[in-house]
Each structure stands twice: as C-alpha cells, then as structure tokens.
Amino acid sequence: MTRESIPARRLIGIGVAVGSIAVALLLTALLIVAVNASPRDVFDKIWEGVGLAGGRLDMPRFSGVINFWIPLMLVCTGLLVTFTAGLWNIGVEGQMVMGAIFATWVAQEVSLPSVLLVPLEMAAAALGGALWGLLAGVLKTRGGVHEIFGGVALNNLANIFGIYLISGPWGNQGGQATPPFREEALLLPASSEFRVSLVALVMVGVAFVVVVMALRGTHWGLELKALGKSARSALLLGVPTQRNALLAMAICGLLAGIAGSIRVLFTYGNLRPLVSGGIGFLGVLVVLLTGTRALWAPIVAFFFAAIMVGSTRLNIALQLDQSLAGVVQGILVLVFILANGISARLRARRQAPAAEAASIPPKEAAHG
Amino acid sequence: MDELSRILGSVVANATPLVIASIGETITERVGVINLSLDGSITLAAMLSFVVAYSTGSAAAGLLAGMLAGMLIALLIVVASIELRQDQVAVGFVLTMLAADLAQFLGQNYTRRPGPTFPTVPVPLLAEVPFLGNFLFNHNILIYFSFLLLFATWYVMYRTRWGLALRAVGERPATAFARGTNVNRTRYLYAALGGALVGLAGASYSLAIKAGWANPPVMRGDGWIALAIVIFGGWHPVRVAFGAYLFAGLRILASTIQQTTDFPLVLVNAVPWVLMILTLLMVSSGAVDWLMRFTPRRLRWVVRLLALFGVRGQEETAASRTPGRLRRVLRNFLRSDPPGALGSTFSRE
Amino acid sequence: MSVEVRNIHKRFGPVHANNAISLHFEDGRIYGILGENGAGKSTLMKILSGFYLADSGQILVDGRAVSVASPEGAIRAGIGMLQQDPLDVGPFTVLENFIYGQPGAVRPDWDGARAQFVDLAGRLGFTISPNTLIEDLSIAQRQQLEIIRLLAFGVRLLILDEPTTGISAEQKTILFEALKRLAREDGLTVLFVSHKLEDVLELCDEVAVLRLGRLVGQAHLPVTTNALVAMMFGQELAPASRSDVVLGDSMLEVRELSLTSERVTIQGCNLSVRAGEVIGLAGLDGSGQELLTRAIVGLRRPAAGQVCVGGQDLTGKHYREYLAARVCFGAAGRLEEGLVSGLTLTEHFALVDPEQGAWIDWERARRIASEQIAHYNIYGRPESPIETLSGGNQQRVLMALMAAAPRLLVLEHPTRGLDVESSRWIWEQILARRAEGTAVVFTSADLDEIVTYSDRILVFYAGQISEVPDARRTTVDELGHLIGGQRLTKESVA
Amino acid sequence: MTRRSLVILVLLVAMLVTASGSFAQGGEEFVFGMILVGPHNDHGWSEAHYTAGQYVEEMIPGARMVYLESLNAADRPETTLEQVVEDMVSLEGAKLILTTSDEFEEDTLAVAAKYPDVTFINVSGDDALTGDAPSNLGNVMGAMEWGKEIAGCAAALATETGSIGYLGPLINAETRRLASSVYLGARYCYENYRGMDPADLTFTVTWIGFWFNIPGVTLDPTEQSNLFFDQGADVVISGIDTTEAVVVAGERAARGQAVWAIPYDYAGACAEAPEVCLGVPYFNWGPSYVQIVQSVMDGTWEQGWAWTAPYWEDLTDNSKTPVGWVNGEALSPEQAAQLDEFIAMLAESGTGDITADNIDDEGLSLGLWVGPLNLQDGTPLAAEGEIVPPRSVWYLEQLLEGMTGDSSAQ
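Residue numbers (the numbering used here), protein chains in the order written: chain A, 1 to 368; chain B, 1 to 349; chain C, 1 to 494; chain D, 1 to 410.
Watch out, some of these pointers could steer you wrong.
DEER-style ranges, computed between Cβ atoms [as the list claims (entries may be wrong)]: (1) PRO122/B to GLU348/D: 47 to 53 Å; (2) GLY104/C to ALA258/D: 55 to 61 Å; (3) PRO179/A to ASP377/D: 46 to 52 Å.
No wet-lab data here; the hints were simulated from the structure.
We treat Cβ as the ideally placed atom computed from N, Cα and C, and that holds for glycine.
Working from the sequences, and respecting the hints, build out all of it.
Written as structure tokens, this is what we have:
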C-alpha cells in the first residue's frame, strides 16, 4: 500500500468538510427559496431562537438548546454502544417512550421525598428502556428478526401503549396527557435564568465519559468492536456474541429510558403522546455523522439541538414549517456520507495501480 | 354476502399501495439492492404527486412526478453503493428521514385540498358479477394496474431471459458477469424500476386510495410494513402480494372487532405491529424449530402449517416429500432465503 | 481452431502473476497446464477467458488478434472456461441455468432448450435432470452442466480449472471420457489446469508448466513424472517426514453422535482421538465433514449422542465452553470466520489474551503482537488492519491466535489458497503442536494433503462415514474411489 | 484534524457569519399570541382558531397575531409551551396568549402563574370553573352540543339505510357528550320527521384512538370511513379533527353510491367534497376572540369560564355565533326545510351561555338532553321530562343507551 502524505490527507479532509457543508447549505437555501422564503431570514431567526442574537447570550433561550441536547445526547451515547456492536437500534424511540412510561408509573404511584423519588423514577425508566431494548435484542438473537424491523414495530407498540395509558387508566379529563406530576416528582431547573436540570446534565456527562472509556479501554469494548465488525469471527475468537449483543441493546435501552424520563420529569412534567418526538431517530443521524469518533457526538448533537430549537422561531416569525430542521439535518448527513465516498474514490484513483481494493467488505444485509 | 364483498373490495383497495411498493422493493432487492428508504420515499412521492396533480390538474402528471421521485431516491442509493461504496442501509436510513421531512416541508402549503384523483372504472360486465364484482372489478385504474403488475412481475421474473438476468445479478453477480450481464447496469435499471414503483405506491395513496395530502401524512409507517412484507413473502412477487392482502385484511378485521366485542382499542391499534413481529419471527430460520420444541406434540401440525410460509427448518416442509415439477414449483415458492448478494457490491476482480 | 497467447503480462500489486507467457494451442488436442498453487496458471486462464484483462500481450485465434475483454467476449471468440467453483446460480433450475446467457428472444424457447440440453447431455454421457435445482447438484454435476452449457455456445476451446478437486473417481472417469471424445471426435481444444500429475498424465496430449509466473517448460506426453516434478518445483521435493509420535490420552470421544442439516444426516458416529493423533476427514464438499468438525467444537448442536473433550462431557454446551476446554478451531473462510476485518493485529491479540483484565493493557497487547509477528514470521505490523495481510499471513495470524497448547485442534482446509511455502509452514506448526500432545482433526479437499499428514483417515460420503483401514499406506487414488462412494473391499485395501 | 472535526468547525463559522442581531419592534400594535396544537391549515380544529385570529386582526385595528402551529411532543419535541410563550412575550411583545387546546391546559396553568402581566385563555379547559386558575387565566368553549344535535338530525333526515357511523377520536367526557348529542339529534329526527321507529336506527361509534390520524398508532380514519360504508352505513359523521370521512364519501359518491358525510370543526370543511356534505357543525371563535382581545386592550378583561351558546337568529352569522351550522350542498330543499324547523325548535329551548356562575342553575338547557335518558349500561341519567344538569353533560361518564360502541378505553 502506498501511503499518502499527511498534508495531502489533510487537504482532502478540508475539501470534504467544506464541500459537504457548502453543498448542504446551498441545497437547504434552494429549498427555502422554493417555498418563497429568504435563506438569510431563516438563518437569522434560527440564531435568534437559539438565544445567540445580538452578540450576547440569552440564557433562558439558550437553556432550551441544552434541554433538548440532554436527552439527545443520552440517546447518542447509547447508540454509540449499539453501533459499535453493529446493531441498528432504531428501536431507541420506543425505548425512550417505555422509559417515560415507567417513570410516570413511579411518579404517580409512589409517594416519597424528592431525593428518593426522583432517583427511583429514573431507575424505573432505565429498567423500562432496558427491557424494551432487550426485547428487540432477544427478537434478533433468538428469533432472527432484524433489529430494524423489530425496532420499528416496538416503537409503534410503545407509542400505542402510551396513548392507551394517557387516554385510559392514567388519563385526566382531556385525554391528551396524564395529570401533572407533583412537584417532588420532578427534576428542577438550576435557576430561573439557567433553566437546565443539573442532575440531568451531570448524568449525561457521566454516562458519556463512562461509555466512551468503556468502549475504548475495556476488553468488553473491544469485544463489542469485534462483534460489530464480524459477528461470526468474534464468536470463533471466543467473544460471547449473543450476550454482548443483548447487553449492548440493554445499555442503549437503559440510556434511552433515562432520556425518556427526562422528557416527562423535566421537559413536560407529565406523560404525553409520542413523548420521544423523534429524538431517537435524530440520535441515529448524529451517530451516522460522527461514526465511531465518539468525541464529536456531543458537538454534533449540540448543533442539531440548536437547529431544532431555532426552528420554533421560524414558525413564529416566518411561518415556515418546523420540518425544515429535519431537512437541514438530513441533507447534511446525506451529503457528508456521499462526500466521504467521493473522496475515498478520488484517493483510490490516485493510487490506482497499487490499489488492491478500496472495496469495503459488504456489511451485513438488512435482512437477516 | 354483499357486505363481505364490499369489505373485501376495500381490503383490495387498501392493500394496493402496499402491493405496489412491496413488489417494487422485491424487484430492487432481487438485484441485490436494499432500498430501506421506503417509508420516506412513499411519503415524498405522495406529496409530489399530489402537488403536481393539483397544480397541473392532471392526475397522470402527478403520477409521473411521484414515480420520478421514487426512482431518483432509489438511484441515489445505488450510486452511493456502487460508485461510492457506502453502506446501503445507512444511506437508506438517512433518506427515510430526509424524504419524510422534505415532504412535510415542501408540502406545507398544500395540505387538505381537494385535487384530481383517479376515478373508479368498473370493468364492463365483470363489475356486475354478484360477489366478485365489488370485490375485484369495481375499482380505480391503479388497482387494476397492481393486478397486472403482479402477474407481469412474476412472468418476467420466472419466464423470461430478463428475469434470469435479474435473479442472477442478485443471487450471484460473478455468474451474471460471466454470462454477459452488466451487473451494475442491471442494478441501476431494476433499482430505478423498483423505486419508480415505490413512487407509484406513494402516488396511489394521494391520488386514489387515501386521496389528498395531509400532515401528518396518512401513509407514514406503511413503508416499513412493505419492507417487512417483502421478507415475509420470501422475495417472491406472488407471495409478497399475498402478504400485503393478508395484512390489509387483518387490519380491517381488527377494527371490525372493536365494533363487535369489548376488545380494548389499544390492542386493535397494536395489531399491525404485532403481526409484523410475528410474521418475521415465523419466516426466520430457527424460529420454526424453536416453536416446535415448545409445542405439544398434538399441536405440531399447526406449526408445520405455519412453516409452509416460512423457512425449511430441520423439520422439512411438504415440499421435500412432493416429487418432480410440483416440488420444484413449491420449493421456489416457499423459499425464504434472501437473494445471495443482497446489500453487497460487485467488482470485477 | 488454434489459439495463441503472446507475451502475456499480468501484475497484481507487487506480484508478477504472468510474466511474458507465450503458448500455442492446436485443435483436437488436450493440453495440461501444470504448476503449483500460485504459479500463475489460473491467472493465465482467466485472461484467456476474459475474466481478467492482461496488462500487456496478445491473444490470437486462428492467427487473428482478438480482444477478449469479458467472459462473454471470450465465448464469442470461442473460448469458454469452467471455473473451479462453477459459476452458476443456486436457486436456478438446471434448465434456467442452461438458458441464462444464451442469446435469443426475451421469452426463451423453453422446450427447444430442454431438448438441446438433453441431447448434449446424452451425447457426453452425463445424467442430469433439467428440472433439478442447482443447489441440489454435486460439484461434479455442476461442472458437467457448465461443459454442456459452454458447448451449446459453440465453444471451441474449453478450459477446465482444477476440475478434479473434490469429485469422485467415477465422476472423474466420466469427465475424462467426455473430454477425450470432444477432442477426438469434435476437434475441440481442451486446456486442463491442474497440479495433479496423475490426472494430467492420464488425460493430456501435451503439457505446459508454469512456475512463479513464468512458462518453464513444455512437453509432449508421455514424459516421466520426475521430469514434470522437476519442472514444477525446480527441484525434487522430499516428502514430509512422518515422525512417530507416542499417542497419549484420549482427547476427544464422540459417541453415537447424530447430526442433521438440510442436506446431510450423520447417524451414530463414533470417534476417539488421542493426543498426538492426526485425523484427516476426506470427502466431497457437503458430505458431512463440516457437520462433524462443527459439532466437535460446539458450533452445532447434535440431535443425539455425546461429545467429550479430555474426559469432560461437553454435549450441547456452548462454543465458549469448548474453547475453555482448550479446543481450537480454524474455519475455512478466514476473514468470514476467524479474523475480524477492521481490527488490527494488536487488537486481535488483545481480544484473545486470557491475561487481559477488564481494562486492556495496550502496552502488553502491542508487545505480544510484536512477539507473535516475529515468532510466526508474519509479514505485517502490530497496527496493520488484518484485512491488509495476504492469505498466508492471515493463516499465520490465525495459528498465532490459537491457545498455546490445545487439547484438540480442528482445522478446515488449513492450506486452501496458500502457496507451497505457506502450506508447508502451516503444517510445520500443526505438527509441532501435535508433538506436544495435541490431537488434530482436519478436513481438506486436497487428497495429497490428507494422505500425507493423516494418521487415520475418515471418509465421508453422503453422511456415511468409513475409516480407511491403514491410512499410512493408502494412496490418493484409493481415497478418490472412497470419497466417490465405492465401498471398501479387501482388494482395494490391499 | 479529522474531516468530521472540520465539518463542525465550518458549521460553527457558518452560524457565526449568518448571525446578525437585528430585530425590529412594532409601534402602536397589540400583539396576541395563538398556540395551535395542529397545522394552521388542517381544515379542522386548528384552522378554525387560526381564521378567528385573522378575523381579530381584521376587526381590531392594530391587533396583530403571532402564532405557532403543531405544538405537540411529536411535531416539536424541542419546544415546550413555556418556551413559546417566552418567545412570543419577549421577542414579539404579546400581551395575550390563546392556548387553543385541551392539551395545553396544564401547561397554561403553570405558565400563567409565571407571567402575571399577560392574559391567558385556554380553550376547552375548566380551570376557571374548578377555581384552580390564577386570575390572569380564563377558559372558553363553544357549546358544540347544539351543533352536534343538528348534525345528527341532518344525518337522520338523509339516511336511507337507517345506519349512521360516527368516527370518534379518543374516549373522554367531551367526546362522549358530543357523540351522544349527535345520537340524540339523529334519534329525534328519525322519529319525528322520518316517522320511523328510533329503535331501528343503527348508530355505531368507532374510536380511532386520537384526535387525528397518527399513522401506525391510531386506526386509519380513511379505512374506518370505508368500513362504515361497506357495512351498510350511508352517513358518516366525523368527530375527529380532520376531514377523511367527507373525502371518502365523495370518492364513493363518484362511484355512484348514495352516501353522505358530515365533517366537524371548521366552516370550510365541506370543501373537499361538497356534493356529499350534509352540512358542518363548526366552531366560530372570532366573535369570542374579538371580545377578549378588545377587553384586554381596554383593560376590562375579567377572568371567566364560558360555554358559549349559538346565536340562534342566524347560525351562519360569523360575526355573532360562536357555534355554527352551515347546510351542505347534499341537503335537499325539503330536508333543509325540516332541518330549519328542527333548529327553530332547539332555539326555543336555548337558554344562552353557560358560565362558571350559572352552571348549576336549574333549567339551563342543552336542547335534547332531556329525560328519559339512560346511560349505555342502563343506569338512568334523567327521568321523564327531567333536564340533564349541564355539569353532568360536561362530565358525561358513558355513551347513551341505544348507541353501539365503547364507552371507555378499557
């Protein structure tokens, strides 16, 4: 194999990054023009909605970004585990919902002082999410149902169950949400300015650090990596593949469950229909963008959160549909994936004579 | 009887987009390409079809726009896979999300408006036949097209040279190459065709079966069901279509249950998804053996019956005991193995 | 039709697979193309049949230069090649496979094709039903189908790549009869690629010998075996010495084992292997050897019976418990089963290192990787991703990854696809472990390998297992008969 | 530096570059915020509110609406009601916030306490009735029961098969009382204008599971409407926020079937298939909102809970009536005349708005809610001639006897 010079490599890297973002911004701008709006206004309003307009930080508004980032980041952390293990855990949405449901159950049924109740709620949420993740895992390892399909089905089942609880046994008159939780059942914001739950923030930090260290430094992390790259070979090298796959699903579910609990214990203060709101899917996009470079996940997740929160402002000020946020994110990830392929191809062409293979080994097909 | 005939007619109509989409995906996967983006593609195609039909006043123009959208998305996946060597599942997933959001964004000013639709065209004479009339022959043209599509796909796949090339490319590209088939070109061609059919499925929602465009889109989720049906149908167009009809039928059955019994609403809504998991469990290898182990001896014929739609487990299906031509036909019909080269890329050396 | 290749060059990276090769083939004759693994004969044939493009050189048919850019183009020029693993489509019927690739209308003439197929098959003495599924055929039958198919195209130069590997003696006889008839009666040119001297001597009119990418000799038959061997290897090979090892305790006990798969069923298999024994499993692909190898390492759950390792009953236990009982397994597909594409050598060694704790000591892992690389003479670095290594080096890594002193070493096709040097080296390693008291069970399609190294040989035929009475004195020929399903008789043993 | 890190860096720069902190403040305007649960163009519940907001802008010079649509966990996972209110108040200068859904009830309660200087109106809630609300929060709801009785009557006048389908959303007190009001109207007219035995009237309620179609989670209203017609119903009445029933009926009529539908919520809801539409009972929030905005501007607003009755003089007078009914094209002149007669009869029994102050007064009427009436399980609700107290209607516990369908989700 011929080796590229470091500067050349860096040059390509810059090209890919700048190119991806330029193309993504251009495409987005075209779409905005297509619905008769001004791209400049759109970016202005997003910026304003995030609380960064006028050169100073609007803390309450900025808190909104952090508050969305927290559950998103928990989900991303969990997804790092399943992605490392080669599992497409798009059931993470349902795992969030189950976490929210379990937390709600404790919040409604258990009467304890806040210092005991909140941890209990979160533990219940972690359990709920983990069980739901495990179920998808068991369907895959024992039943041969690919986790993408098991996940989609379980997502919908969790949502249906949630709506049933809200409109039935746990409902109040309206049927649109459960009654609000008591004050002591809630996670509270740090201050009236910085409206972020410190407990949740610390939790995200700890979860992320622990997971990244475990994936990088432990034997278990290496086992997961081997499992993700080739399940069959990992098994033959002595990795307990089924146990690890299940464990990965459970851990991801556990973190997603906690994310779900933050949605009900902090964001809303009660259980609502479709409480996961697509955060899980967004997490999948984040992890697709960062790949295994886990350290970038918090930053990318932060930008995604900022775009989302800023999009609310778009609707109020410009009457643009909130789906624009998803469009921007989707285009960015897609363009980036394609750009990666293009640069790999260019590189392969340059070293063509010796190139034994730029071929990527076929990944496991979606149908097991 | 008349009521049943009408309900079955509605089942056929409701199943039509699923039939078209899952046959489209069957074609795509049969050449070895996974188009995971169905749920988004169908939505985007439905939106574009409606908007174009609405703006031009022509349902046919809308239909073409939808097919074009589905085709372009499918081509994007194939380009990313063949030319850029990116994972089909990853690209497909991103496109699922992106297309759905794009549909909502671009369609935001076109929701809930009356637009052109494909009218019902009763088949002369046949529509008057007592039971079958309402059931099969009193529909719009897209539904008749789905019947035709089903037959044509089967015929092309199993009775023509095109079909041989199609299947060979997805099963063993090296062979296809050796026999003079251009593997990548074939993949482009049929993935585009499959994508166009997926787009057609979207159009058939917004121009016929569930006319109009709305937010949230009425067809959300059906793309995933179509993907599952392809697996359930073992990549055989006839079985796939059968799966789509079965699915639509059970969905209607579930809601009639709500009217007649005290069956909780929540369980009715859960039916499609429970069904999806169960059917996938059923066709996955090992599941049959596993079920057998836990089934009392006297009830094992049930599992065997189920296995007819599933895989050849250690307990052989009826196919192995049937000799000759029938056996071959049955076995081709019942095999549930995915195409050998599904999701992989082919290069010459 | 006469075919000539002129000054063919082909490089794969640093390997000069074909170096200035020129050959001339006349019609009606059968040519043997001889050479060890890696000599470049397959490459040459693939160039001739359009699978590879030559870097430079010419192909002439009847004196005219032709461009053979694809297999299809080659067939149009009258050249067809039968691959070692025939290029067909598993779920197709024989008839579908026969028709696929032939020019014609979109709707094929099924009946006409069926008649043509039956006619051609009958003429060549092949018996295949056009309605069978390809995946239900044996390798030999699939080869026959390919020959029929190529003939239907009007191919005048037929290339066969190692067609006798893994087919029965009976099938081989049928094949040779057909080839001879095609050459003599129809004037076909046949190129027979092999590294088996006896096959070449039996069938061919002329031979061309390749070594390390070069044409090193040509001869009209008959010639002596020794002359051919000298050309192939450049020197006479000393047969691997068979040192006598004192047999130790029983390492593997298999009792009344029954195994089923979709194709084959094994019933009531009994086997006892003692420390220091090497058991070769011979048979056609899919005759049941893999069922047994996978059952004795815990990858396949037996339907009935018992598997004990070192006196410990492990029946139905998980693969990992077998691993813990020091059973080592090397599967045939190295990158599919055994090595993790995308992990570095260091990571591989860290993964299997029993001394590593929950937190990986990367220093230690790197050190071990370096040591093993040196010890096993692996061409690679600790941080090299495993997939960048060559096949032989991958196999070395696989050996290095195996526990130090296994009780039982189970290997499938340990030298498949390796060059002579690597193969020898691998066997040195295996035999070294055997000398330390490891029991070895291996499968191979290479009967020479089985005959050379086995203390005992089990022959598999459609799930039936028979043991060769005196493995040390058996011959490749005798084994060939056995794997074809011929019962052992006193005479054949004698 | 890796490629991915660069992506992020460039993103950062891009955001910085495009940032510019200029936002203008208006002059003499009064800004009111409107928060919608669905899209502003849903031809249903949310659009009725949105058009009312436009009506306010038209009627009161200087009034400007800012709105946010689709505020729910699924569409806007990133946004809470509090953030929206904060946004509208501090960036847009809103003095009045209308939260137009039951779903916002609890959040409005909490946020109102944090913004005592801003007036809040939560539509369809009951906090001002129960006394939970802070003094800057009021409730309003149209007495749609009347409109639903008219809808039921229109259906009974049109049906030929004697079978009516009701497409219900989720099951709660509000949806039970609305479905039951339809049934009362249908039963009355089937007996009194058609001269049929009300026992022969088939009235089937199917609940889809939520206010609108959530694909994969609720039953599909299109499929449900088709099923009703397939099973022999010829009129389908929508109780959900969206217009699937009328679209399906239109499509079937195009095939030559004699079927009709009645949508809900929004005056223009018939537009998708006017030829099969018997009429639509709709909310007309405009007059109420004008009055609220005006009183807040004047500083005369007082907290209250109102269940507002129709303007009986003219149910289509959108400057007056909070609950309206507009005849559809499918209604024959004869049926229209009978319906007018029925409406006149209702008008006579009408007793005006119900408020927190008078809800428990004797003799307040909601039209046909007069005994003898039994709940679905046979429990008596009101004896012969007895008026059902409005509070019991508001908190109705079951469907009425004679209706087919579930009364609770379990």
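Here is how each hint holds up against the structure:
Remark: the range hint 47 to 53 Å for PRO122/B to GLU348/D is upheld by a beta-carbon distance near 49 Å. Between GLY104/C and ALA258/D the beta carbon distance is about 56 Å. The supplied range of 55 to 61 Å therefore holds. In this structure the supplied range 46 to 52 Å is violated for PRO179/A paired with ASP377/D, their Cβ-Cβ distance being about 26 Å.
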